[in-house]
Amino acid sequence: MVKKASPPVFFYFLLPSLIMIGIFIIYPLIYTFCMSLFYWKGRTIVSFVGISNYLDVFGRNNIQEALVHNFLWIMIHVPLCTILGLFLALLLRNIRGSSIIKTVIFLAMVIPPVIGGILIRFIFDVDVGVVNAVLGAIGLVKPRTWTNLPDTALFSLIFGSVWLWTGFSMTIYAAGLEAIPKEFYEAAKIDGASDTKIIWHITLPLLKPATITVVVMNILYALKIFDIVYVATMGGPGSASTVLALEMYIEAFYNIPPNFGAAAVIAILIGLLTLVFTIFMRRMVK
Amino acid sequence: MGKEEKKINRRDYLKYTGAGIGGLIVGGALGYLLKPKEVVEKTITAPGVTATTTVEKTIEKTIEKTVAITATPTKPPVELTVFSLWGATEEERFLKTLEAFTAETGIKVKHVKQPEEMRMLVPMEFAAGRSTADVIMTPWIAWVKDLAKEGHLIEVTDLLKKDELIPIYVKLGTVDGKCYAAPFKAWAKPGFWYRISFFKEHGLTIPTTWDEFIKLLDTLKGIPGIEAPIASGDTDGWPLTDVTEAFLIYRGGPELQEKLIAGEVTFTDPQVKAIMKELADLLAKGYFSEPADWTSQIDKLWMGKYGIYFMGNWMTIMPQVKDVKDLGFFPFPGTKGAVGGGDWAIIPKYSQHLEEAKMLVKFLAGPKAQEIQVRYGGFLPTNLKVPEEAFTPADKKVVDFLATVKVVPDLDDAVGGSFLREFRSQLKLLWVKPDALESVLEILTKAHLESTKKA
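Chains as they are written, first to last, in the numbering used here: chain A, 442 to 727; chain B, 302 to 756.
Next up, chain A with everything else stripped away, as it sits in the complex (with noise of 0.2 Å):
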């Protein structure tokens, strides 16, 4: 009978991975906290505050704004990143050249955020921007730079990232359509089995793993998104495109002096907020 390796063993071998994850993740997780119990006052410490620093942060408009402006991206994104990206997959499949679109598709994932946002600022301007160009030809409204309206700021930046990250959810389930295996769609259609009902009982339910992939992902990412806001519209106008990642940017680098114990606070609930999803999404694949 073989015995199992005894857990000392398995220990001294994760010992190197434990001290990487320590220095990187533990200590910083550690310090943010402390950070965030204290008033600064520019980069210096001036006295222990406890949670004076979470009340306030969640106290503030902007904070709470930017709280549902988050949300509002996750229910959003990630439905129509879900959605395009399974549909694309599913339309390019088995297609003569499908591989040169998928390319040309995945392209805008491949753009690093900083030169999306400038170029999702491009898109929305009211004299250079496609969707005006689009609108106008239609006459459907007059053209505007519609990162520059509170009611259309927020919008304009979630389905500009729509675009550039269509690509990867597309790609997700082109892999995972690629690994259903062949002999379950031809003895659907031996049953006589529609294409629709192909699709609803066969294909979705075996792209789960797919599904939960993309959905993960597009989560953690709305719940982090930054470049695009900060190059786009700095969150504005007023606060109405404003997001966590920027709030917490401002705190610390942008306000003169700043305020770390304010970003501390905010990197915090960004952090938590993440556990809690990747808790739950690990749940929903058990």
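One or more hints might be untrue.
[Said to hold, decoys possible] Here are the simulated distance ranges between beta carbons: (1) S458(A) / T406(B): 53 to 61 Å; (2) R723(A) / G321(B): 31 to 39 Å; (3) K586(B) / Y472(A): 49 to 57 Å; (4) D313(B) / S458(A): 19 to 27 Å; (5) E405(B) / Q505(A): 42 to 50 Å; (6) S458(A) / G328(B): 17 to 25 Å; (7) V571(A) / T433(B): 37 to 45 Å; (8) M421(B) / E619(A): 20 to 28 Å; (9) T705(B) / Y472(A): 51 to 59 Å; (10) R537(A) / E417(B): 29 to 37 Å.
[Said to hold, decoys possible] Capping the alpha-carbon separation at 35 Å, the derived lysine-lysine pairs in DSBU-like fashion look like this: (11) K583(A) / K501(B); (12) K516(B) / K583(A); (13) K482(A) / K463(B); (14) K659(B) / K482(A); (15) K583(A) / K578(B); (16) K583(A) / K623(B); (17) K665(A) / K754(B); (18) K659(B) / K463(B); (19) K698(B) / K663(B); (20) K665(A) / K747(B); (21) K747(B) / K482(A); (22) K516(B) / K606(B); (23) K586(B) / K583(A); (24) K414(B) / K482(A); (25) K659(B) / K665(A); (26) K414(B) / K665(A); (27) K560(B) / K482(A); (28) K574(B) / K583(A).
Since the hints were derived computationally from the structure, they do not count as laboratory data. Note that this is a predicted model, so its numbers are computed, not measured. We put the beta carbon where it would ideally sit given N, CA and C, even for glycine.
Given the structure of chain A, go ahead and fit chain B onto it with the hints provided.
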């Protein structure tokens, strides 16, 4: 039985090897960190050289380090590093000044353009006790004061000839009686710029009263091709703050700006509220365009899509201005004040070449360096010894105008804190939604009170 014994031996072997490797790593790391260091001072002398050498002895090896040399016949060439926010044309012109310094002193200077994030990156270096830059050019005087209070900067009082410099610029860089920022460049936001030929073509005249100003705007509105009478610039909102502050000064006087900076009044003050309401009414009437990239708005001004554009004196050197002789400006009619600011040179105490850095800063605050810049145009000197004939006609008009008004600091730059961002951000909202004035003023007041209390 034999096979089982072999398995047990392998497991034990792995256990002991793992423990040994782990112990070696941990022990080695601890040993390096905790080992004692001997410090021995030794004086080395050589003809013409006096040196003090500190010798650090560790268990493994001896390191000799020369920490101070008072005179040496073979000093390595120094190259100073200067940070600034300037790029493109401004950088090219600044390089000419640096070349003049090199020609005079033989000290080479390397200029490195920095992004706005410099105000975050530089303090991080300072916190680590180092600085890549020997001299930093910056317009953020509130930031400079913070750095000075934290002890990161060298005092430059003795480098400046105060009687040659505009007093307010020296005062702004002073903390507790010591000057830490040498004034280099002045800038101002004098008023609305326009194309002289465009005005001539449409029979427009410069307004001398408020009624004439409104009449001008109404006339501009009716000209074919005009999208809006006044162009509005955007990036993160600073062009909007410029015209708002000019309007506050116009209606409330430069004293109102000073009171806002000091926190003596805020945005719920009846006078301030009334002025902001008037501005919101102008916005609601469509006199201002929607905010767009501030440099492309200059293009559109030049193409006749806008009539006038409120901008700083650097307008005269913008590449989008095709003919500076065709460019004119006028202030809010009868205004008593204008916003002005500057760029200052500071020296981090962590600079490896302090003496050379001081020489550069002294040069930059002097008339020769500033005259080079003035001759290019779009540059207002802080040194009063720069000859008048060096000024371009466009800049001369700005200087002549500034001599008739009181120059006050930029509001959001001077107040800083969360107000800096909120002022810019909320004005972007007000520009596209003038009926949001009440909520804008509420948010501005909160940020203003917070920031002026902490100042």
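Here is how each hint holds up against the structure:
For the pair S458(A) and T406(B), the beta carbons lie near 55 Å from each other, so the given range of 53 to 61 Å is met. Taken as a hint, the range 31 to 39 Å holds for the pair R723(A) and G321(B), whose Cβ atoms sit roughly 37 Å apart. A hinted range of 49 to 57 Å holds for the C-beta pair K586(B) and Y472(A), which are about 53 Å apart. A hinted range of 19 to 27 Å holds for the C-beta pair D313(B) and S458(A), which are about 23 Å apart.
Checking the proposed 42 to 50 Å range against E405(B) and Q505(A) shows it is violated: the Cβ atoms sit about 58 Å from each other. Restraint check, S458(A) to G328(B): a C-beta distance of roughly 19 Å satisfies the suggested window 17 to 25 Å. Checked against the hint of 37 to 45 Å, the C-beta distance between V571(A) and T433(B) comes to roughly 41 Å, which is consistent with it. A beta carbon spacing of about 46 Å between M421(B) and E619(A) contradicts the range 20 to 28 Å that was offered as a hint.
One distance hint, 51 to 59 Å for the beta-carbon pair T705(B) and Y472(A), holds here, with the actual separation near 55 Å. Judged by the Cβ atoms, the range 29 to 37 Å given for R537(A) and E417(B) is violated: they are separated by roughly 49 Å. Between the alpha carbons of K583(A) and K501(B) the distance comes to roughly 32 Å, so the proposed pair stays at or under 35 Å and holds. Annotation: proposed proximity of K516(B) to K583(A) holds, straight-line Cα distance about 27 Å (limit 35 Å).
Pair hint K482(A) plus K463(B) holds up; C-alpha atoms about 32 Å apart against a cutoff of 35 Å. The straight-line distance between the Cα atoms of K659(B) and K482(A) is roughly 30 Å, inside the 35 Å bound, and the hint therefore holds. For the suggested pair K583(A) and K578(B), the alpha carbons sit about 27 Å apart, so the restraint of at most 35 Å is met. A threshold of 35 Å between alpha carbons decides the hint, and for K583(A) with K623(B) the separation of about 31 Å falls inside it, so the pair holds.
Of the pairs offered as hints, the one joining K665(A) and K754(B) holds, with about 32 Å between alpha carbons and a cut-off of 35 Å not exceeded. Proximity of K659(B) to K463(B) is assessed by CA-CA distance (about 16 Å); at most 35 Å being required, the pair is judged to hold. Pair hint K698(B) plus K663(B) holds up; C-alpha atoms about 28 Å apart against a cutoff of 35 Å. Taking the CA atoms of K665(A) and K747(B), the gap is about 27 Å. The hint holds against a cut of 35 Å.
Annotation: proposed proximity of K747(B) to K482(A) holds, straight-line Cα distance about 19 Å (limit 35 Å). For the given pair, K516(B) sits about 18 Å from K606(B) by alpha-carbon distance, which is consistent with the 35 Å threshold. A hinted pair counts as satisfied when its Cα atoms are at most 35 Å apart, and K586(B) with K583(A) qualifies at roughly 18 Å. For the hint pairing K414(B) with K482(A), the CA-to-CA distance comes to about 28 Å; that is within 35 Å, so the pair holds.
Our distance criterion of 35 Å between C-alpha atoms is broken by K659(B) and K665(A), whose separation comes to about 44 Å. About 30 Å separates the Cα atoms of K414(B) and K665(A), which keeps this hinted pair within 35 Å; it holds. A C-alpha spacing of about 24 Å is found between K560(B) and K482(A), which places the hinted pair at or below 35 Å, so the restraint holds. A hinted pair counts as satisfied when its Cα atoms are at most 35 Å apart, and K574(B) with K583(A) qualifies at roughly 32 Å.
Hint violations for this structure: numbers 5, 8, 10, 25, all remaining hints satisfied.
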